[in-house]
Structure formats: structure tokens, C-alpha cells
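Peer 1: Next come the chains, spelled out residue by residue.
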Amino acid sequence: MRKVLLGALGLLGFLVGWQLIPTLGLVDPQYLPYVTDVLGWLFHELRDLAFWRRLSYTMTAWATGLAMATFAAVVLGAGIGLVPFLRRATHTMVEFLRPVPSVALIPLAVLMFGLHLRAALVIIVYAAFWQVFVQVIYGVADVDTVARDTARSFRLTRRERLRYLVLPTALPYLLTGLRLAAAVALILAVTAEMVIGNPGLGRMIELSRSAGDAVGLYGLVAVTGLLGLLVNVVFRFVERRSLAWHQSVLAEGAAR
Amino acid sequence: MTALGAKKARLPGPVLRAVENVLFALGLPVLTVLLWGIWSAGSTNRFFVGPLTILDAFRRTWIGPAFVDDVLPSLYRLALGLVASILLGVAAGVVIGRLRLLRELLEPLLEFFRALPPPVLIPVMMLLLGITDTMRVVVIVSGAVWPILLNTIDGVRATDSVMRETADSFRITRWERLWLLVLPAASPRIMTGVRQALSVALILMVISEMFASSAGLGYRIAYFQRNYLVAEMWSGILLLGLIGVLLAVAFGLVERRVLRWYHGMKEITRA
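Residue numbers (this note's numbering), protein chains in the order written: chain A, 1 to 256; chain B, 1 to 271.
Calculated directly from the structure, the hints in this document are not laboratory data.
Honestly, I wouldn't trust all of these hints.
[To be verified] Which residues of chain B face chain A? A partial, calculated answer using Cβ under 7 Å:
id, residue
1, A25
2, L28
3, P65
4, F112
5, A167
6, F170
7, I203
8, I207
9, L240
All values reported here derive from a predicted model rather than from experimental measurement.
Note that beta-carbon positions come from the ideal geometry of N, C-alpha and C, so glycine has one too.
Assemble the whole structure, with the sequences as input and the hints as a guide.
Peer 2: Pasting the structure below:
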């Protein structure tokens, strides 16, 4: 209770401080608009269908990219992670490709697909893929040796070993990767719209800036922040729910 | 596992094993480049150019005055932004981590700023600061500081209670406490934060230049793309990739040095 109250107080303080800066004339309201104006803009937009359409464009790009990246990463990650030979052979390649900033690929994607959703998807998938892929590779290789030997003594079939040994071991890793990938995919979805110009919230941000609409710009930035917050909360919840049996979650519960 | 180990032990000498390691490390990259070269030689797609053409473009484009005019200023801004983020993030993180009241006041705000996609801050900073080099550095800081700040807070909070009480009973001074207890205890988490900040900072460096600049790496690459200079564009992607890889390698070295005691400790507890 104390935490919630203090948190709300902090938020209120931030908003009041923001309101005071243009009111006292520290920064011209043209560059930093009043909070009240931005909140008013938000309430107005929430009733506007065009706003929700833009939001749905962004979220569609996000969800499509995340799904494609996750699928590819799970298939490739499990395939490579389970075979030591492949794991060794691909190591250098992975270490070299992973740190390549995905935004470096924007020009290439634009040349290949034009100013379209598909160009944005290239960037989103590339960035989100590595987050899941690396976790899955670690995950499937992390099977406890005692458990593995036990499974061998019981002569579990290949399918049984995958189901009862590899999957439970890799699941926490996969979900961590998924949570990281969801956040990264949202960043790149908005960024792609800003730079490439496919329709969505990011493009609206860029348009508001070039039109000098500071209120709309700050409002849209706040919306993307809230979206990011929502994505984080949802994926953390999913992670905790589906790993309720796992030691890390159990220990956390016991410590409370 | 034992069967594999036995087979390996029978290999004649360490030379063969070194050869095997090199083959594993370089096999796939070399194969990929070869296949790429063969395929691009027969391909009529003008957006895929061969590795040799890209290398040639790389030499022509980046080695020479462009390195001083475009690459160095970008790297300088990146370094400046990163150093400022680390100083700011660690300093604020130590303060917030140690004061419970402050932490609880700021928690929702910090969660919000962590979740905010960093590139949306570029238009905001352009509005507030104009299109300047200061703006580009501030953009990098405004995105890269959050992972460091939040990880430092967590690291400071998780300081071992026995060590804290020991420090209390020895009555060490505030500064000694900070240098000898709080910062070392938080350093594994701080390094995690810095690693996340590296990639964010690199992204922001590129995008802030693609957006609002007439020089710099990001600007150059976008320029090549708009003018259909395909080989030059590929060479720019290659350069950005190299910078990303070098940053990761450099960070790995620094981390190993800073956290040597930590990795050593983990090995002991495992053994």
C-alpha cells in the first residue's frame, strides 16, 4: 500500500514539475508543452478511430515480427543447440552477426522491399531473433547431467527425452528470450515507422515533429512508453504464470 | 559424454586439436562468403553484390578522409554518450538504491522510462535542443542511461547483509564504504547494465544521424541508399557490423578484468 501511494506521489510530482517548467517560462511551451495540454490531447485521441488504427498498425508489425522471429529462433536454436557439432560450427558466425545493430539493415531493407511493412519486418525480425535464439541454444544445452543419466538408465525414447528433459529445462530460457524480444521488437517497430515511414505511431511521431505539433509529439511519445510498459508487464506475468513450478519463481514466493 | 572424451584423448597431439578448433571457428564464415561470392557472380539481382565488390567499395569509401570526417565524429559522440551514461547511471543508481523512500517514489517513473522505446526521444530532443551535436549526444545518454541506472539500483539493493553489517561494525567511512563495499558488490549488475546500454547507444548513434545530420556514419549509409550506391551501402553495413563486434569484444575484455574476482568466486562455489 505504502509502495503504491509513494509511487503515485512520485508520478504526481513529475507531472507537476513538468507543468511548472513551461509555466515559469524556463522553456518555451512551443518546445515543452503544458502537461494539461498533452493529457487533453490524449483523452481526445483515445476517442478518435484514426488513433486506434495507427496503434493497430504498429502492434500488427510488432506481433508479426515477434512471431516470425520466435518461430525461426526456436526451430533453429533447438536444432543447433541439441547437436554439439553444429553448436561449435556456428559459434563464430553467431558471435559475429549478433552484435550487428539491426538499424544498419534499414537501408538494405528499404532497397529490397521499398517503404513498406515488409521492410520494417526485416528489421524487427532480425533484432528479435537473436534474443530468443541465444536463449534457446543455452537452454537446450543446459540439461542437468544427473537428469540426463537418469533418463538414459530408464531408457527414455528420444521423444520422451525431448518432452520431459529438454523442454522443462529450456522453457525458462525461452520465456526470458521472449520477454526481451518483445521489448526489442516494439522498439524496432516504432523506429522503423519513424525512419522508413510505413504507417503507424512512429510515422505519426515524425509527422508531428516536422509539423511543429509539440503537444501531439509528446502525447505520442507517452503512448509508446505506455505500450512498452504494457508489453513488459504482460510478458513478465506470462513468464511467472507458466514457470510457477520452477525453482526461481518458487524461491521468490517463499522469500516474500 | 565419457565415450566422446575417450575418443578425443586418442587424437594424436595438441596440433591436430588446434587445427580442428580453427576449422570449427572459421569453417562456416569462409563457406558462407564463398557461397555468397559464387551466387552473386551468377545473380542478376542488383541489390546483392559480391564480397569482393563490397571490400573494394569499403576500401574506397571508408579508408581515407571519410574516416576522419564521418566515422571518427560518430565514434566520438558514441564514446561521450556512453561515458556520460555510465557516470550518471551509476551515481544516480547508488543514491536511489540506498534510499528506500526515493526508490519507492521513483519506481513507476523509472519503469516507464525503461519501457519507452529510446528512438522516440530523438524528435523530442530535436525540438528541445535543435539539430546539434549536443542533441545527438544527449539522445544517446537519454536512451543508454536507463539499463545502467536500473541495474545499479538492483545491484546496490542486493548487497550482502553480512558484509554490510561487517562494514558497520568496523565503522568505515562513507567513502570507503562506497568504494570498498557498495560499488564492488553492485559491479556484476552494473556491467550487465552497461552491456545492454552498448547496443542501445549504437542504435541511437546511427538513427540520430539518419534523421538529422549532414555527416556521420548513419547519414552516409542513408545517403548511399537514397542514391542507389549499393556496394557503398553494403560497405557501410559492414562497417557498422564491425563496430558492433569490436564493441562487444572490447566490452568482454573490460568485463573479464573488472569482474575477475566475481568469476573466480563463482567457480569456487561451483567446485
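Peer 1: Against this structure, judge whether each hint is valid.
Peer 2: To see whether the hints hold, each was checked on the structure:
no. : hint : result
1   : A25  : 5 Å, holds
2   : L28  : 5 Å, holds
3   : P65  : 22 Å, violated
4   : F112 : 5 Å, holds
5   : A167 : 23 Å, violated
6   : F170 : 28 Å, violated
7   : I203 : 5 Å, holds
8   : I207 : 6 Å, holds
9   : L240 : 4 Å, holds
Hint violations for this structure: numbers 3, 5, 6, all remaining hints satisfied.
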